[in-house]
Structures are given as structure tokens and as C-alpha cells.
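Student: Each chain, written out:
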Amino acid sequence: MRTYIIKRLLISVVILFFTGLIIYGLMRSLPTSYIESMAMTKSMAPGSKSYDEWMEQLTAMYHMDVGILPGYIQWIGEVFRGNFGDSWKWSVPVLEKFNDSVWISFTMGLIAFVIEMLIAIPLGVLAATKQYSKTDYTISVAALAGISLPTFFFASLLKLLFSVKLGWFDLYGLVGRDYEQLSQTGKILDQAKHLVLPIVTLVVVSMGSLMRYTRTNMLEVLNSDYIRTARAKGLSERRVIFHHAFRNTLIPIVTIVGGSLPGLFAGALITETLFAIPGIGYVSYQSMVSGDIPFSMFYLVFMAVLTLLGNLLSDILYAVVDPRVRVA
Amino acid sequence: MADRSKSGYLDRKEARRIQKENRDTLKKLERSRKRKKIPESEYVTTMKDPANAVEFDDLHTFFYTDAGVVKSVDGVSFDVPKGKVVGVVGESGCGKSVTSLSLMQLLQRPQGQVTGGQIRLNLGDKAVDVTKMPEREMQRLRGNYISMIFQEPMTSLNPVFRIGAQVDEVIALHDTKGLSKAGIAERTIEMLDMVGIANSKGVYSMYPHELSGGMRQRVMIAMALACSPSIIIADEPTTALDVTIQAQILDLLAGLKDKINSSIMLITHDLGVIAQMADYVVVMYAGKVVEKGTAADIFEHPSHPYTIGLMASKPVVGKRAERLYSIPGKVPNPVNMPKYCYFRDRCEKKLPGCSQGYPCEYSLSETHKVSCRLWENGSTADDGGES
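Heads up: the protein sequence lines correspond to chains A and B, in order. The opening position of the first sequence corresponds to residue 1377 in the working numbering, with each subsequent residue numbered one higher. The opening position of the second sequence corresponds to residue 15 in the working numbering, with each subsequent residue numbered one higher.
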């Protein structure tokens, strides 16, 4: 197992190198160039140098006067010295900006993910064991509605109901008006209260697919021969479902768990924007739109690292739940 | 109706009518089954002959599908005497497996339902009708009193649990002696030894994927026999195995049967297996028993044209034949069974009388019964048969 993990990690390094190259190439080829728009603004100031002169100067200043491959190597060199550079758009070190915005998104994502699992998996199992019953149809229709609802629509609905009509929550923002006057616990509770609606939105919108997935897998398992064997042994229906069937349903579900690792850090652009939460989804979008190469490079490569780790994690989890794929 | 069977398609009205009918019938059946308390008087019964372990009496098992009601088992009656092997033969889809699943009460519900008849099970001090038994009571019998060996050893064991744990489970479940954990493990290893697994201690902690098909079938047999059941249903236990392993498994079953003195209901379409193992033979065709008798009756005097056809389609060692015989035609559509003998259209000996209703059961001897009009004269009609 250890040699397997080491091998996978070494392969991951190679994959990461090329992923980074592709990302860098794409960022450099974007039609929106931060340098161009800056040169444009500067050249328009009265009594300034011409656009071309500004371009030359800025390009050299930002080290963009080399080709894609040397530029990428240069970037990697800096990264190995622990230097991700300063963000162009936000004018602060990349890590600082990232650190400022990622944790709120991560908290939101993690809570939503845990709630989603806790609700979707039992509901999926329930729907499968009572296939074609009223319970099954109710759950399936609810799941389908969740999948089909656009985030912005559902979030607006929640806002209308709970913020405008009932007035339980603030319309947007992460902190209330009197945040500064609150005690330490009061501050945490205030933030938690502001996260309720965004988390509900995230859970409802993403729960449906996991629930459908669990249901489909459970149905497949319940129709298999070894479940019939388990019933033929005289086991109770409870034990058949929660011991014999559930362990087998877990096998495909763990891939989802591993695959959702990058998603926790990616933020939720639409939800964050709608509720005006300064999370990573919003920040990374703004950086990319303005052609902020240092920040986007860091963010996208970080996502690539997480994706690779997530895949490795699901493979390890696979081996944990399924004895057939264990490597000797 | 005639149109439907020709095209194979249902019009929307017809489909809706079937769905509604199915829903109503199933609701009624499921409700009566799901009652909180089912009084014992509803399922306790008496055996016709106390020497029998199981009596199937006019069993009807139907599947309510969207294309209509499939009469998988339609009035099947036969007995399984204590300590004997009863072979059930017939082609695929004739209702052999459904008959055995009805006995186990493992039908795919709610679509599959026993709608009529009785399956009387001899428990020694009393007899019960398993078709009316509540689920909780049934769980106590399964694996303990009746157990089943399934036809696909490759997929019948749970892939994520160790062999030992899977056999332990059934022993612990029906254990009345209060065995300790170590005691149960010991019993499991003993069972694995008994079915001829050499490295029983090693296999105890292996996963199913580490064993071959023959080994897995042995584990299945060990699991089925772990509680010394009185009735073993072997549903094509050797179909997925090669011939050498097949012989070993059959020898094993026969030996074990004598050791724990149980009855075996052996389901197969392999006449060779039946000839080797069975004391009694039941031949099924399209959900009905067409002929039954002792092994000698069936093999020496096959009387129903279908049985004769089956015998003729078996290759014979040492005899060269250009083409192996096969019965012409095909089984009628199970949704729309004809009103006459189901075998008429494929029969080489059909009489003009064959178009009038399904033939009743004629006795050729004390043990040998056949449902065919060929025997109408010269034998007495049994009034217990079909009308």
C-alpha cells in the first residue's frame, strides 16, 4: 500500500507540472490582459507617455517579456522559493488574499457537504427500499426539483420568504449591523446566522444528485444475488439493508467524497455573489476576469493539487470499503 | 387480445387498465400480509401425509407486470417426502425456480405473489402453510429449517465480507445453544471441512473473490447446511460449474443428505443430474406439472410427449447423430396462456380432443401421474387434477 501511494504521488507531480503549464499557457493567451488595460489607463492621463512606451515598461516590470515556457519555468522557480508573488488585481500578496477569502467558503462548503450527506444518503436508501411507493415518489420528485432549481432562483425565493416576509435573517452580508458591539460568542453566532440561508441554498441545490445516485446504487445492490442469499439465511430486513446492502452501496459513494475535496475550496460563485459573502468563489472569478495571472495561477494550481489528492483519497477509500481492489 | 399477442405492443388504454388492476390487487394482497398481528390459526395446518416434509398443493404464483399477469406457477401440486431427493425438471422459465422461491417466500414482492394454494411444511410437532405465514415467523424458518443453494456461486456471496463472517452469521442467527463467538467460528470451520475445503482455517478469513467458483459453491453449501435444515432447495447448484466439479458437488450433496437426513428439492434442467440423484421426478412445463413419478417411472416409462421430447433431446454417449433432437415450436406467451393443453401446438401426438380445455391428471400407477389426453382411456382420471 505504501509503495502504491508513493508511486501515485510521484505520478501526480508529473501530472501537476503539465497541468500547470496548460493553465499558465491559457492565462497568458487570455484576450483580457491586465497589463494592456493598465497601460491604456496610464497613457490616457494628461502629459503621460504613449501607450506603447507604457506597455514596454509594464511588461518588463511584471516579467511578462518572456515566452510562455520560460515564463512558466520562472514561475515555478519562484514557487519553490515559497514566493507566489503579489496579486495584480488586489495589490496584496497572493497568499494573503487567498487566506482572507478561502476560510469562509470552506466553512460554508464543509457544513453544506456534511448536511447534504446526512440527508441525501439515508433518503436515497429509504427511497430504494420502498421502490415505487409514495415515499419513493415524494423523495424522487423533491430531489428532481432540487436538481432543476437554478441557484439564483432558489436563493431569491429563500430571501423573499425568510428575509423580506418573515424577517428572520438579513438579506445579505456576513455580519450584522451591530457586529462590532457584540461579545466574542455573539460575533460567532451572528456570522452563523448569516450563513444559514446560503448553506440551505447549497444543500438543496446539490443534494438531489447525491440522493438519486444513492438510490440507483442501492437498487442495484438490492437486486443482486448476495442480497437474496442474505434473505435466505433468515436475516431480518433491517440487517439485510443496513449491513449487507449498505456496505456495498458505500463503494461508489466514496468516490464522490474524494471527488468533492476540491469543491470545498472552490467556493460557490453564484451563492456567494447573491448573499454578498466575500468568499473565494467571488474573489477568484474577479481575478480571472481582470487577467490577474499570479492569483489565478496560484488558485488554479491549488485546485489541481486538491483534485489529484482527492482522486488518490478516493482510491484509498475504495480499498478500505472494497476488499476486491486492495493491493497486496 | 389477438392483436396484442401478434404485435407484442399494448395500446395505451389497455396498459392503463392493466396497471390499475395490478395496483388494486397488489394493494389488497400486501395489506393482508402487512397486518400487525396474524393469528396463528391462519397458517397452522395439517399435513396430508405425515411422512412428507413439504406438500405443494395447487400452488399459484403470479407476477403482476405492466404487460399483464404472468402465471409463472399455475396449480402445481407435488410432495417432497422426508429424506428423499425430488428432482424438478423443465426448460428455462417453466416455473421451477419460482416454485422454490415460493417455498422460501423470497419472491420479488410486491410484483410476485402467491395467489392461491398451500405449501405445507412439516415442522415435526406441527405443520404450517408458508404462503400465509407472517414475515417474522418466516425469518425463523429460513436458513434454519429450509435453506437454499443458489445457482450462481460467483455472485451469491457478499463481496465485502469475509467467508467466515458470512457463515458465522447464519449459525449465530439460528443458534439456540448459546454458543460463544469462538464456538461459532469452530462450527463454521467444521462445516467448511465437511464440504471438502482443504484449507478451512485459511478460507475462513478469505474474501469471496479469492476463491474459485467450485470453492464458492462449497461455501454456499456449507452456509446452507450450517443449521442442519430438514429441507434443502438446490436451485441448479451445478449449472455454473464445470463437469468434474459438478460431480464432486453432487456427491457432496448426496453424502451430506444422508449425514443430516434431510430432504432435497433439486431443481435442474440437466436430466443426467436428475438420473443420478433423484428418488422422485417432477416435470414442469409452462407453470404446470405435466408428469410426476418415481425416477424409474419417468426414465423408463416417460409418458407425456414433453417428457419424451426432453429425453430424446439428451445426447447419448456412444451414439452418433447428425443433429441433436429438439422439440419444435416454442412455449406459449405466459401472459396469454391458451385455453387448451399448453403443449398442444408443439406436440407430435396431438388428438382432436386436445383443443378442449387443459387436460386433467391421469394416474398410470400409484406413483406415476401424467396430464395428457393420450392416457384418457385405459387409466382412471384423478379428480384432483385440472378441469
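Keep in mind that a hint or two might mislead.
Unchecked claim - Pairs of lysine-lysine residues, derived as DSSO-like cross-links and limited to a Cα-Cα distance of at most 27 angstroms, are as follows:
1. B:Lys48 with B:Lys140
2. B:Lys363 with B:Lys344
3. A:Lys1506 with B:Lys41
4. B:Lys98 with B:Lys62
5. B:Lys195 with A:Lys1510
6. B:Lys191 with B:Lys140
7. B:Lys48 with A:Lys1506
8. B:Lys344 with A:Lys1506
9. B:Lys146 with A:Lys1506
10. B:Lys42 with A:Lys1510
11. A:Lys1510 with B:Lys363
12. A:Lys1506 with B:Lys42
13. A:Lys1510 with B:Lys146
FYI, nobody ran anything at the bench for these hints, they're computed from the structure.
Student: State for each hint whether it applies.
Tutor: Here is how each hint holds up against the structure:
For the given pair, Lys48 (chain B) sits about 24 angstroms from Lys140 (chain B) by alpha-carbon distance, which is consistent with the 27 angstroms threshold. For the hint pairing Lys363 (chain B) with Lys344 (chain B), the CA-to-CA distance comes to about 16 angstroms; that is within 27 angstroms, so the pair holds. Distance hint between Lys1506 (chain A) and Lys41 (chain B) is fulfilled; the C-alpha atoms sit about 14 angstroms from each other, no more than 27 angstroms. At roughly 17 angstroms between alpha-carbon atoms, Lys98 (chain B) and Lys62 (chain B) fall within 27 angstroms of each other, so this suggested pair holds.
Among the hinted pairs, Lys195 (chain B) with Lys1510 (chain A) is inconsistent with the structure: their alpha-carbon atoms are about 42 angstroms apart, more than 27 angstroms. Restraint check for Lys191 (chain B) and Lys140 (chain B): the C-alpha separation of about 22 angstroms stays at or below 27 angstroms, so the hint holds. Taken as a hint, the Lys48 (chain B) and Lys1506 (chain A) pair is honoured in the structure, with Cα atoms around 14 angstroms apart against an allowance of 27 angstroms. At roughly 37 angstroms between alpha-carbon atoms, Lys344 (chain B) and Lys1506 (chain A) are farther apart than 27 angstroms, so this suggested pair is violated.
At roughly 22 angstroms between alpha-carbon atoms, Lys146 (chain B) and Lys1506 (chain A) fall within 27 angstroms of each other, so this suggested pair holds. For the suggested pair Lys42 (chain B) and Lys1510 (chain A), the alpha carbons sit about 16 angstroms apart, so the restraint of at most 27 angstroms is met. Of the supplied pair hints, the one linking Lys1510 (chain A) and Lys363 (chain B) is violated, its CA atoms being roughly 53 angstroms apart against a limit of 27 angstroms. Using a Cα cut-off of 27 angstroms, the hinted pair Lys1506 (chain A) and Lys42 (chain B) holds, with the two alpha carbons roughly 17 angstroms apart.
Straight-line distance between C-alpha atoms of Lys1510 (chain A) and Lys146 (chain B) comes to about 26 angstroms, which keeps the hinted pair within the 27 angstroms bound.
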